[in-house]
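Visitor: Here is what each chain is made of, one letter per residue.
Number of protein chains: 2
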Amino acid sequence: MARLAYGAPSFLHRYQGSPTVKHALSVTREQDFAAWYQAVISEADMAEESGVRGCMVIRPWGYGIWERMQKLLDEQIKATGHENCYFPLFIPLSYFEKEAEHVDGFAKEMAVVTHHRLIQKDGKLVPDPEAKLEEPLVVRPTSETVIGAAFSRWVQSWRDLPVLINQWANVVRWEMRTRMFLRTAEFLWQEGHTAHATVQEAMDETLRMLEVYRAFAEDCVGLPVIAGEKPENERFPGAVATYSIEAMMQDGKALQAGTSHFLGTTFSQAQNIRFQNADGQQELAQTTSWGVSTRMIGGLIMVHGDDDGLRVPPRVAPWQVVIVPMLRDADEDAAIMDYCTDLVARLTKLDAFREPVRALLDKRPAKAATKRWGWVKKGAPIVIEVGGRDVAGGNVSVIRRDRLYREDGKLDSRIIAREDFVADTVATLEDIQASLFGDAKASLDGNINRSITDIDAMKAYFNASRKPGWALVQWAKPTGVELEKVVQWLKGEKLTLRNVPSDAEAADGLCIFTGEKAVERVLVGRAY
Amino acid sequence: MARLAYGAPSFLHRYQGSPTVKHALSVTREQDFAAWYQAVISEADMAEESGVRGCMVIRPWGYGIWERMQKLLDEQIKATGHENCYFPLFIPLSYFEKEAEHVDGFAKEMAVVTHHRLIQKDGKLVPDPEAKLEEPLVVRPTSETVIGAAFSRWVQSWRDLPVLINQWANVVRWEMRTRMFLRTAEFLWQEGHTAHATVQEAMDETLRMLEVYRAFAEDCVGLPVIAGEKPENERFPGAVATYSIEAMMQDGKALQAGTSHFLGTTFSQAQNIRFQNADGQQELAQTTSWGVSTRMIGGLIMVHGDDDGLRVPPRVAPWQVVIVPMLRDADEDAAIMDYCTDLVARLTKLDAFREPVRALLDKRPAKAATKRWGWVKKGAPIVIEVGGRDVAGGNVSVIRRDRLYREDGKLDSRIIAREDFVADTVATLEDIQASLFGDAKASLDGNINRSITDIDAMKAYFNASRKPGWALVQWAKPTGVELEKVVQWLKGEKLTLRNVPSDAEAADGLCIFTGEKAVERVLVGRAY
Chain A
0 MARLAYGAPS FLHRYQGSPT VKHALSVTRE QDFAAWYQAV ISEADMAEES GVRGCMVIRP
60 WGYGIWERMQ KLLDEQIKAT GHENCYFPLF IPLSYFEKEA EHVDGFAKEM AVVTHHRLIQ
120 KDGKLVPDPE AKLEEPLVVR PTSETVIGAA FSRWVQSWRD LPVLINQWAN VVRWEMRTRM
180 FLRTAEFLWQ EGHTAHATVQ EAMDETLRML EVYRAFAEDC VGLPVIAGEK PENERFPGAV
240 ATYSIEAMMQ DGKALQAGTS HFLGTTFSQA QNIRFQNADG QQELAQTTSW GVSTRMIGGL
300 IMVHGDDDGL RVPPRVAPWQ VVIVPMLRDA DEDAAIMDYC TDLVARLTKL DAFREPVRAL
360 LDKRPAKAAT KRWGWVKKGA PIVIEVGGRD VAGGNVSVIR RDRLYREDGK LDSRIIARED
420 FVADTVATLE DIQASLFGDA KASLDGNINR SITDIDAMKA YFNASRKPGW ALVQWAKPTG
480 VELEKVVQWL KGEKLTLRNV PSDAEAADGL CIFTGEKAVE RVLVGRAY
Chain B
0 MARLAYGAPS FLHRYQGSPT VKHALSVTRE QDFAAWYQAV ISEADMAEES GVRGCMVIRP
60 WGYGIWERMQ KLLDEQIKAT GHENCYFPLF IPLSYFEKEA EHVDGFAKEM AVVTHHRLIQ
120 KDGKLVPDPE AKLEEPLVVR PTSETVIGAA FSRWVQSWRD LPVLINQWAN VVRWEMRTRM
180 FLRTAEFLWQ EGHTAHATVQ EAMDETLRML EVYRAFAEDC VGLPVIAGEK PENERFPGAV
240 ATYSIEAMMQ DGKALQAGTS HFLGTTFSQA QNIRFQNADG QQELAQTTSW GVSTRMIGGL
300 IMVHGDDDGL RVPPRVAPWQ VVIVPMLRDA DEDAAIMDYC TDLVARLTKL DAFREPVRAL
360 LDKRPAKAAT KRWGWVKKGA PIVIEVGGRD VAGGNVSVIR RDRLYREDGK LDSRIIARED
420 FVADTVATLE DIQASLFGDA KASLDGNINR SITDIDAMKA YFNASRKPGW ALVQWAKPTG
480 VELEKVVQWL KGEKLTLRNV PSDAEAADGL CIFTGEKAVE RVLVGRAY
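Read top to bottom, the protein sequences are chains A and B. Once you know that position 306 of the first sequence is 305 in numbering that gives the first Met the number 0, the rest is easy, because the numbers rise by one and skip nothing. Once you know that position 87 of the second sequence is 86 in numbering that gives the first Met the number 0, the rest is easy, because the numbers rise by one and skip nothing.
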């Protein structure tokens, strides 16, 4: 029997379906990337429109991926000394009024609660005019203000610092144009909030969490990212500095997949977070905040999905191995089910990535082929089929979701001795995790143009292809009005400044925008 | 060296502080139970007022207990075949209008979102009149309506049933009088929602989840409960039958700690959840819902707390063993820290209740005595102190939170050989878990009067003590107007019907309220 030792990964089919293959989705990435994205979400049963404007229903497969992300990121958040809390959903308007810049950033898109009771009127339910709130409440778009108010109660002395907390919560931003996972009125996230005695400690924290996000995105979700500082115009409202991780989608666009903000004393001033330092003097605390949201699931889809649906990296897959019994309403069915049950028991005893392997026996009353393709579209890393012949031969039929087709365009389902399959499962899962990341990493690295030095070349680069990738260019880091000019010019080209990569080489040339001496390198690209 | 083999648990000090002991809280249960409850929450750093009406901040120790509850209950919810999803926070008014009884139950206490933007006006932020929603949205008080709408999309055929889902979410009910954890405007919970082909399957599900709740409350949270059906007047709005688990607080009052509802076709009719049965005919699905909330943390406090603060059963304790180093700013400090670090490493290698032991070395810059009492008030199951003398002797000083004082009223801190302590830790944690449950179970069983057969005796029973417990009485299960009379009479005595215990003996006498032949036994008591 063949074992699971596949050859080196082929990049051939990564960005375009093979013409010889009839794929599981009705639309390909090449044909219509936006329609393909919606098709993956729908065909993989990840989420759906809820009937409530801008809000989605996250279905079990989508939510299961989020639970896996939560677990793995939460471990890292705790390992870096943070504790989880929970703060109110509602924020009084007066909290927002205290910080002008923050208000400007959010006030235009918030859900506002104005009444606390309904009454019947002409057979309809309407807000009760008698139950109008004296002070309207906003549904949190982010929690700096309400958490800052708590910090001001908690922090009295330098001994109370640092305060290192996080919450997993839903937030609401009234977006006009929504897209599932990427931009929804309500979304789920974690928001970390910390207070420190010194600028240095707060900056260290900001960069520590940026690195936690980078490692989480790459090692767990398999998303290669560029970590760096956002330019001034892209800062969080009220932040002194904002850092991000940027991932490249298969259409070449950037997705900001996590942000970490150094807030200086903006919020400690507004919310009065003061402490007595070791010399007995009053000081304002230095604060940070940082967040990752369900948006990252959108990134996972657009980086790892293919024309047969989603491909989920094993570390965040709700089920890593799915076993489909091929039943025929015959006597042998019982033996097949026993064989499958035994296989699940063996697999779940194994540890992959230091957790028990997650194996499912799919017992639903449906045809085996329907189930197989259902799991392919959902992107379970390994799909096993077991029929009477497999039981008789002590085998299993194995499909690796990251290598779905053979060179001849046929489905690559391999018959493997059960013992060999079980013995290889952990290594196979590790290999799939590495291969999905490796493919995406090669694609990211290969699609950043680092040699463009003038505006015309940049225009040409971005117009030469429908999926141009990014450009890393030198610039003089203009601010204020000068920066605004650059931003507006880029906007005309549908381009944005992404970030200044932390690991970019030093500048040694001229600013592509102003011709002045450049001071650093900045990423330019189209973006979600 | 003594080992941790303590004698049989003493019930002596359970409900009153010993007069010889100066307790850690400034108010005792005996003096003022309500003030004591608030003192525990405050002194154990569990939660605090947020400044937002009716909403609390759940601090790390309180939230850590909730995370433990979530983990253990979630495992059971998944083990019984349910999958987690996420549904919108906002529900259009029209969804509520479809189910009249449900509206009546909730419409009076909901937060209503009417605008989606703020503007500056006279220097203040106000809802933008231009951004008024066409249809107001309510912040979910519970999700039957919006989840029912999803079920109607998901369910077409009998093959699609059962649908077994759950969500962990925040909900809002505009309560006029709030009390932390017990009744807050916003609270956290899980809500399970299922749809089935037959009444029998839906009833089986309803009772299965009631049993999951009973086992979770008793085995994990250490809360002994009475599981049974609520009388008609206490049903969830729209339910055909509501079941609950009821826990007895130390002041004798009942706390409904979880509910499971058989909803029949109420919501499938309103939301049009229909399926084609095996005979090709259209039928309405039978639905259920069930929930447990952060309210259970209030129950944990009022069942296990004592005059020194909280006592957390080990299975739900964020930290099971806390190690306080007794440092003196001396050379020996380094050796003490090494000794403690080594101890944590040994403990975390152990498994208790099939999970790694959660051990914390408390390195904060504070006095050892302050830290010790802090952890006593928080209720960490085992607190260890390590000083220079312990290191020299290879010992640790051990405090068991469930047996805090010796008979003479002194703190019961025992010097135990480190090796013995480590060897006994798992058994000790199991013993603490069992002892907290055992004490509370004895108290519950001992405080239900089962022999009252007439109204006057019942009045006398409930008036004889400030903490009377409950009465299990026979009744004829009146309905409608007759039931309302009973409920009103009870209300005059500040009493409520709790539930009809599933395991109660059959009735064999007369109804205590009507004198008719009784049909079952019902629990009567004061309640939160």
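By construction, these hints were calculated from the structure, which means they are not laboratory data. Certain hints may be false.
It does not matter which identical chain is meant; a pair holds if it fits inside one copy or across any two.
Derived pair list, reagent style DSSO-like, types lysine-lysine, alpha-carbon separation capped at 27 Å [unchecked claim]:
no.	residue 1	residue 2
1	Lys-131	Lys-120
2	Lys-107	Lys-123
3	Lys-366	Lys-77
4	Lys-107	Lys-131
Visitor: For this structure, which hints from the list above don't hold up?
Guide: Going through the list in order, the structure violates no hint and respects every one.
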